[in-house]
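Next come the chains, spelled out residue by residue.
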Amino acid sequence: MKDKMTIILFSGELDKAIAAFILATTAAATNMDVSIFFTFWGLNILKKSKFAITKSQGLLQRMFNFMSTSKLPITRLNMFGLGPWMMKKLMKKSKMASLDELMKLAKMLNVKYIACTTSCGILGLSKENLIDEVDEFAGASTYLGEAMTSKINLFI
Amino acid sequence: MKDKMTIILFSGELDKAIAAFILATTAAATNMDVSIFFTFWGLNILKKSKFAITKSQGLLQRMFNFMSTSKLPITRLNMFGLGPWMMKKLMKKSKMASLDELMKLAKMLNVKYIACTTSCGILGLSKENLIDEVDEFAGASTYLGEAMTSKINLFI
Amino acid sequence: MKDKMTIILFSGELDKAIAAFILATTAAATNMDVSIFFTFWGLNILKKSKFAITKSQGLLQRMFNFMSTSKLPITRLNMFGLGPWMMKKLMKKSKMASLDELMKLAKMLNVKYIACTTSCGILGLSKENLIDEVDEFAGASTYLGEAMTSKINLFI
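Chains as they are written, first to last, in this note's numbering: chain A, 1 to 156; chain B, 1001 to 1156; chain C, 2001 to 2156.
Don't read these hints as lab results, they were simulated from the structure. It cannot be assumed that every hint is accurate.
Claimed, not checked - Derived coverage of chain B by chain C (criterion: at least 3 residues anywhere in the stretch with Cβ under 8 Å from a Cβ of chain C; other residues may be distant):
no.	stretch
1	1111-1122
2	1136-1149
Unchecked claim - Restricting the straight-line Cα-Cα distance to at most 30 Å, the calculated cross-link-like pairs of lysine-lysine (DSSO-like) are:
no.	chain 1	residue 1	chain 2	residue 2
3	B	Lys-1095	A	Lys-55
4	B	Lys-1092	A	Lys-127
5	A	Lys-48	B	Lys-1151
6	A	Lys-4	B	Lys-1002
7	B	Lys-1092	A	Lys-151
8	C	Lys-2004	A	Lys-95
9	A	Lys-112	A	Lys-95
10	C	Lys-2089	B	Lys-1002
11	B	Lys-1107	A	Lys-48
12	A	Lys-2	A	Lys-112
13	C	Lys-2112	A	Lys-2
14	B	Lys-1088	A	Lys-2
Stated by the list, open to error - Facing chain A, a subset of chain B residues (Cβ under 7 Å, in silico):
no.	residue
15	Thr-1026
16	Ala-1027
17	Asp-1033
18	Met-1091
19	Ser-1094
20	Leu-1102
21	Leu-1105
22	Met-1108
23	Ile-1152
24	Leu-1154
25	Ile-1156
Where a beta carbon is used, it is the ideal one built from N, C-alpha and C, also for glycine.
Modelling step: build the complete structure from the supplied sequences, incorporating the hints.
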């Protein structure tokens, strides 16, 4: 049986997403079973490029989804004022993989994407709003089941 | 012997507190022993409704406690500008439990609340400033003892 | 064989750094093996006092390092508006060790400092820019190796 790692990706910032996917792909490359549980802001990373707006959503849900479309992956303008533009520029310069490339690699290595059903419910998100690479929609009990048998569990 | 989970709740934001309590109550409902260690900003969640100000506190401590009373659980105005109002509204709409309800449930399920003595010391908080549901005041070594024998340890 | 703990210190804020070092020193004092893996903003804590700027860095890297020198450990002006000045003042008043003192203690207790090579590459940081106490430069696979055999793994 393979060793396991789980990551709860709660944050929607670019820098934290990159950290999560570097850990996930490195672990999967060394033959570990890796699950990422996307919840709250982390769901933005799974949204399709076009605005995740559908008729079944209420006004607040539409506003929220409009403001957080995945085409605008903005890291918080943190204490150093380093914008996402600067960060991407620096990553490219040091020949590091972009988030898109890391996510492609993750799928090749069978990293499992689990979208949190509770958060999806709050935001009015359904299967059609998220990228096809999502493996499963599940809640906290599914996460706990995975985490119980994992050697490494991180909340990012 | 029961399986255990520990959570360090360092953050004082509404969204992270909700994530912590969803995990805690789900785990406790499946018969796990759950401890939440409240430290730094996380202590705001444990403050009584009225301002946690007492005569023994210095000016800075009073200012701090005045600014962070638990009657104003403000989530950071994060990258999407979604205020706590919007968030609570969306949670209600999708029939999700509020933080207050989750905390009541947590107590019914015997989730243990540990308040960090070091942080309490910095902020001039004593037993009378915090809600009665706090089970224990303890430091990092108590946390480490719990975490050593737990299957899941998260820092939120 | 000793019990182990690993901490990924991703954040560069004063309050989170203090939390990490309180946990690290308490664990090391009770005879655990502790490794802190400094990545992204966490690297700021390891920078030498003078600006970590060298000729080999490009303009963006210089700007970044100029803005985040370790002489200005600014915690994010979080929801309560509590600045780092207030925080340090309160810590001193309650006779708590400062971050500098905690870091000295950590070294006396053999807490291992690992600087993330990927982040160093992005920021153009080399050995000479960081304090001498850094034990090792390594990537995610080294972290995972440590974490696999640790009882407590936290992402801060």
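Evaluation of the provided hints:
no., hint, verdict
1, 1111-1122, "holds (count 3)"
2, 1136-1149, "holds (count 7)"
3, B:Lys-1095 / A:Lys-55, "holds (20 Å)"
4, B:Lys-1092 / A:Lys-127, "holds (22 Å)"
5, A:Lys-48 / B:Lys-1151, "violated (35 Å)"
6, A:Lys-4 / B:Lys-1002, "holds (21 Å)"
7, B:Lys-1092 / A:Lys-151, "violated (36 Å)"
8, C:Lys-2004 / A:Lys-95, "violated (34 Å)"
9, A:Lys-112 / A:Lys-95, "holds (26 Å)"
10, C:Lys-2089 / B:Lys-1002, "violated (42 Å)"
11, B:Lys-1107 / A:Lys-48, "violated (39 Å)"
12, A:Lys-2 / A:Lys-112, "holds (14 Å)"
13, C:Lys-2112 / A:Lys-2, "holds (28 Å)"
14, B:Lys-1088 / A:Lys-2, "violated (40 Å)"
15, Thr-1026, "holds (4 Å)"
16, Ala-1027, "holds (5 Å)"
17, Asp-1033, "violated (13 Å)"
18, Met-1091, "holds (6 Å)"
19, Ser-1094, "holds (4 Å)"
20, Leu-1102, "violated (11 Å)"
21, Leu-1105, "violated (13 Å)"
22, Met-1108, "violated (17 Å)"
23, Ile-1152, "holds (5 Å)"
24, Leu-1154, "holds (4 Å)"
25, Ile-1156, "holds (5 Å)"
When the structure is compared with the earlier hints, violations turn up for hints 5, 7, 8, 10, 11, 14, 17, 20, 21, 22 and for no others.
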